[in-house]
Structures are given as structure tokens and as C-alpha cells.
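Student: Chain by chain, the residues:
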Amino acid sequence: MSRKILFITTDQQRYDTVGANGGTLSRTPVIDQLAREGIRYERAQPTSVVCMPSRSSMLTGQFPSTHGAWMNGVPLAIDAPSVAETLHDAGYATALIGKAHFEPFMDPFGLYAENTLANLGVPTIEQDWFDGRRGVHRGFDYLEFATHGVMGALHYAKWMREQHSDVIRGFYQVVDADFNVNAAGGGDTNAPQVKYNAVPREWYHTDWVADRTIRWLEEQESDRDWFCWMSFPDPHHPWDPPKSEIGRVPWRDVPLPENYPQSSSERESLLDQKARHWRLWYDGRLVSNYEAPAKWVPATMTADQVREVNAMNAVEVELIDEAIGRVLASIERKGWGDDVDVIFTSDHGELQGDFGLLFKGPYHVDGLMRLPLIWRPARTTAPTPSVVHAPVSLVSLAATFLEIAGQKAPSWVEGAVLPIDDVDASTRSFDATFTEWDSSIFGIDVHVRTIVTDDYLYTQYQPGTVHDGSEGELYVLSDDPWQRVNRFEDPAMALVRASLAEQLAAHESRAGERATPGVLMAPV
Amino acid sequence: MDALGVVPVASIRHERRIAADADAVWDVVRRPESIPLWFPGIVSCTVEGSHRVITTAMGLEIPEEILGNDDASRHFAYRITAPPYSFHLGVIDVIEVATNDSLCVYSTTALPDTLAMLIAGGTLGALGEIQRLAERSRVAS
Numbered sequence: 001m002s003r004k005i006l007f008i009t010t011d012q013q014r015y016d017t018v019g020a021n022g023g024t025l026s027r028t029p030v031i032d033q034l035a036r037e038g039i040r041y042e043r044a045q046p047t048s049v050v051c052m053p054s055r056s057s058m059l060t061g062q063f064p065s066t067h068g069a070w071m072n073g074v075p076l077a078i079d080a081p082s083v084a085e086t087l088h089d090a091g092y093a094t095a096l097i098g099k100a101h102f103e104p105f106m107d108p109f110g111l112y113a114e115n116t117l118a119n120l121g122v123p124t125i126e127q128d129w130f131d132g133r134r135g136v137h138r139g140f141d142y143l144e145f146a147t148h149g150v151m152g153a154l155h156y157a158k159w160m161r162e163q164h165s166d167v168i169r170g171f172y173q174v175v176d177a178d179f180n181v182n183a184a185g186g187g188d189t190n191a192p193q194v195k196y197n198a199v200p201r202e203w204y205h206t207d208w209v210a211d212r213t214i215r216w217l218e219e220q221e222s223d224r225d226w227f228c229w230m231s232f233p234d235p236h237h238p239w240d241p242p243k244s245e246i247g248r249v250p251w252r253d254v255p256l257p258e259n260y261p262q263s264s265s266e267r268e269s270l271l272d273q274k275a276r277h278w279r280l281w282y283d284g285r286l287v288s289n290y291e292a293p294a295k296w297v298p299a300t301m302t303a304d305q306v307r308e309v310n311a312m313n314a315v316e317v318e319l320i321d322e323a324i325g326r327v328l329a330s331i332e333r334k335g336w337g338d339d340v341d342v343i344f345t346s347d348h349g350e351l352q353g354d355f356g357l358l359f360k361g362p363y364h365v366d367g368l369m370r371l372p373l374i375w376r377p378a379r380t381t382a383p384t385p386s387v388v389h390a391p392v393s394l395v396s397l398a399a400t401f402l403e404i405a406g407q408k409a410p411s412w413v414e415g416a417v418l419p420i421d422d423v424d425a426s427t428r429s430f431d432a433t434f435t436e437w438d439s440s441i442f443g444i445d446v447h448v449r450t451i452v453t454d455d456y457l458y459t460q461y462q463p464g465t466v467h468d469g470s471e472g473e474l475y476v477l478s479d480d481p482w483q484r485v486n487r488f489e490d491p492a493m494a495l496v497r498a499s500l501a502e503q504l505a506a507h508e509s510r511a512g513e514r515a516t517p518g519v520l521m522a523p524v
Numbered sequence: 001m002d003a004l005g006v007v008p009v010a011s012i013r014h015e016r017r018i019a020a021d022a023d024a025v026w027d028v029v030r031r032p033e034s035i036p037l038w039f040p041g042i043v044s045c046t047v048e049g050s051h052r053v054i055t056t057a058m059g060l061e062i063p064e065e066i067l068g069n070d071d072a073s074r075h076f077a078y079r080i081t082a083p084p085y086s087f088h089l090g091v092i093d094v095i096e097v098a099t100n101d102s103l104c105v106y107s108t109t110a111l112p113d114t115l116a117m118l119i120a121g122g123t124l125g126a127l128g129e130i131q132r133l134a135e136r137s138r139v140a141s
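Order-wise, the sequence lines are chains A and B. If you read the first sequence in this note's numbering, its first letter stands for residue 1, the second for the next number, and so on. If you read the second sequence in this note's numbering, its first letter stands for residue 1, the second for the next number, and so on.
Calculated directly from the structure, the hints in this document are not laboratory data. Each residue gets a CB set at the ideal place from its N, CA and C atoms; glycine is no exception. Misleading hints may appear alongside valid ones.
Under 8 Å between C-beta atoms, here's a sample of chain A residues computed to sit facing chain B [said to hold, decoys possible]: (1) 108; (2) 180; (3) 442; (4) 523.
So that you can see chain A by itself, here it is in the shape it has in the complex (with noise of 0.2 Å):
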């Protein structure tokens, strides 16, 4: 027998939402205690800031241009690499529960497993591997499906539309007539994707989430290794957490984010030193990618509004916090206790209110790319508790996956096993990540590339729609924690910056075989 893997995402989560982190607005003993029994990662960073192109990057260990899910809306080819296939061929029982998001969600015509299994009522499905073998979808026996809502095919929207039907009218309209991200507000500030919602606790998808993992973990036999990737939706918008539980944080109580400039006039001046599309979504005069509302103007949001959204994020990361209590409590009881190890993370982050704005898109800074990361290693290795401040990424996140198994790494995994300390981290060389951006809808392209090491965060702009290729950004993080003073053109940082660019274009360069980039085929 060995290690099992309890592997805990949520969605769209910043770093300084966890208590361990130093996060104050929501209480996450569960999280806390993982971190101080394991490893707590100081910087954390995803290959990408948005959904599809960061969880391909936790399944497959390679960053977005090499997997080929370049942006949201372009599915994960179906016969590419994943580490849930490796740890079934070496005997694990594999599960993923919650969110997935490798394959788009708006699907008409069924075209995606993801949207299909709930119809058939089966636990997966046989596709082609990347060995040229077939094999249960992605490497995983068991599959059950949420996100953000009630909307869609998925079996949670399902089971609410079968068993709850009354209550479905309570859950915000994640997208408008249109068909792009709801701006509507909601809430008592009127805060976009913002709204009560009277679903009781237990139907609301968090729970759901929790209680289907516990089932799947009860039917497992006592001495069958598994890997379990429980998936929270939450905290992403919509902020439609069960109005039962809001007044565990009462928004007017909340204090403004550290990194939200008061004025108008302070916003404008941290946003015009960035490259010009900060400032454009700002004003309103572009949305350069779908996951913010088209219909939204930043720079209407008030300081009520980021207080309301804050308070709403910080409800459902209690609530995360407390259904991973119950998962972990059912391991104990079913005496797994000491072989589990349990890695929790998100995805990438959200703006909260950094620099005026909310949500994500083409923005490089921490809001977005610093995540919470903690590995609590099996019991039975006598882990020592550590804090690894070296910057790591989650492409490592699969090469960990395998090591926690005793399997070795196949070739096509780009990420090294994460760092156990500072010494491992320095003696392995993890001195910088990469994050990539490549978006083209709407006839709007953004490219971005950066680079983040112990000392800079580095992004350089590509050609696209409204960048010339000229543009960057290079923050001085020990002076700077929270990038807002943008020394790309100082010339004091011009060796800085010509060690960085090199860098950068050795990642773009790096040797290895990369799929063909998908097609985009939906815009989420």
C-alpha cells in the first residue's frame, strides 16, 4: 500500500484569503492546521490566470503552451497527457469531484464528456490516452461534476433541477441574455454577481462537493491506494453564497483591501504606469476577454461594493474550510488518517477590489498569480512542518503527484516535485515561474508572458490588439509588494530587465514537444 492523494482545489481563491497566510476576514482552521503540519508556500504561482489553461496545467504537468488549452473556451485535447492516467496504471483509484473545467461548459451540442456523463448516468467514460491506448476518461474511474451555479449540464445543476427544484430561483444568472458574464448587482450595494441566495447549506454545490467525496471515499476499499481531486467552485463569483450563512462576515465591517486606492485620481495613477489595457477596462473602453462582464465598468464599482464582494468571498472560503474539515474527518474514520497526503490550492486568483478592479483577465500581478499552496505530506513519513518562500508553480504539481506515489515522472511532465524547504528549493534551482496569457475572441488578441522570481515580478507584452510589444511591467517585490510602481523603463533596472527578458525567452524557447494549440470553440 501506498501514499493516497487527497488533492483540494478551489476556484479563483488569492493567497491572502487563508488564515495561514496572514488572511484575517475568513476563519480557515482546517486550511491552518494543514499548514502547519506541512508545507506552506509563500509563492505559489499558476501557469495561467484562468480556468481551463491552469487546470490543464495540474493534470497534464506542462504549461498552456505546451498542452494547447491556450485560453478558457479551447478544450484540453482529449488524448493529452494526464497524471490521473499514471497513477491508474499504477493501481490508484481515481476520482475527480466538483469542477473540472478541461472541456468548455457551454456545449449545445454535447460535444464534451464533462457536459455528457451526467445525462448518461454513468462514472466515466472510455476515450483515447495519450499512449495511443483507451482508457477511462482522462485516467479517472469516477467522475461527478459542479460549478458555478445551477445552470447547464453538469450533475450537480442537475440534481438541483431533480431534487430542488424551489429553490434553483435563488442562485445568481452567471451570464445575461447575451450570453457573456451577468453584470447585474445584486446584494445590498449593488455589487456585480452579487446576491442572497436562499438554498439551504446543504443543497448549496460546496457541501454537495464535500458530501460526494465522502461517498466515494466510503466506498473505497480499506487498502486501495486513491487520488481524489476534490474541486470547490467557490470562492470564483457569482457571490451567491446560502444567505444563512452572511452574517458571518458582515460586509460593513470589512475593511477595504490594502491594495485598493481610495481615490479615483490615486487608481488612474497606479493604472496609467501599467501597460494600457489596465486602464482602458478601467474606463470601460475595453474588455479584452470574457471572463470580466462586458457590460461592467470598473471604475463605477464603490468602496461599498468591493466591501460587500470581500465579505461575500470570505463566507464561502469559511464555508470550504468547513466541508474540508468533514472530508478529512471521514478519512479518520475510515483509518487513512496517517497515509493521506493532502495538497490544497486554487486555480488563480481574483482582483478583489487591487487597484479598483474585480475579477481576472490579462493582469499580472498578485491578486491573480500568488496562490495559496500547502502540502500536508503523509503522517507516516514524518513530514517537518516548513514554510517554502522560493517561488514554485503549480505545472509542479503533477511530478508531486507521482512522487507521493513512488511512480517516476514520464517525459512529458515539465514540472519538478515541489520543493520540501527552502534548502530543497534552492538546492533544485526553483528560483523562477512562468505564467502565460494568450487570449483572441471578439477580435481582441493579448499576449503576455512573466516571469516571477524571489525578487521581481517581470511581464512583457506581445503583440496583440492594442500592444505594440513594447510594453512591459517589472515590479521590485521586496519594495513593492503589491506592484504598483512600474519600473519597466527605468533605467536603473535595464540589467534587471535584460536578465528577465532572457529568461523569458528561454521558457518560450524550452525544448520539448508541444501539441498544436486547440481551437477555440466556446468563450467559457
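Given chain A, work out where chain B should sit, using these hints.
Tutor: Only chain B this time, still in chain A's reference frame:
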């Protein structure tokens, strides 16, 4: 509406070079009732005169009106007639390049523009099936 007062309508075109005569390609698509055979995710349809209703694998029933079906120019045009589409035009053109060599172009123009992308995503798979069926018919003949 843009600065010139024009409503931006999304128009997405996919095309496929097919190793078959244009007539063979056209023969795959020309019959309105044949669409479930070559459009992945359309599981059935009914045709009455110029009205067609398709049913997708997700259980959606989508009514359409056939606007043109011209053997001479190998041109098929149709539109979806129900919400959430406020406008839709689908066009398939089969163009002869040479013997056993043709170009099939499938265009989707629609409002809301997000929905154009969804239909166009499906047309990409449809072109693959049209190619497979046309090239298979060539081999069979």
C-alpha cells in the same frame, strides 16, 4: 453598437480542403434531413418544407428556416429562428478546386456574438465529418 452606430455581428468561418469532387461533397450536405449524419451532436431532425427542427445531444430543439439550397452553385443557407438568437445565418459553400479536390466553407454569423462561437465550434466538427463521408464515397466509387 460601435462608434459608427453599427451593431457588431460575430461572423466565424471554418473551411476544409477535401480530397473529393465538389459534387461528392455537395451530395453529403445538400439534403436538409441529412444533417444528423454529418453534424456531430445533432442526433435527429424533422423537415417540413423549408422548416427544419434539429435536436442536439443535449436535448435542445432548435427550429431553423432553410433559406437556400442550390445544386448549381452548391450553396446551402439556413437560419435559426428562435431565441436566444436574435440573428443567425449559417452558410455552407462547396467550391470545386480540381478533380478530387474541393473546398468546403461553413460560415456562421450570429447575434449574440457569444452564440456564434458556440455554433461555429460545432461546424468545425461538421466539416471533419463532411470530409470523412465525401472522401469515403470517393473510395467506394
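Student: For a quick check of understanding: which of the numbered hints are violated here, in increasing order?
Tutor: none
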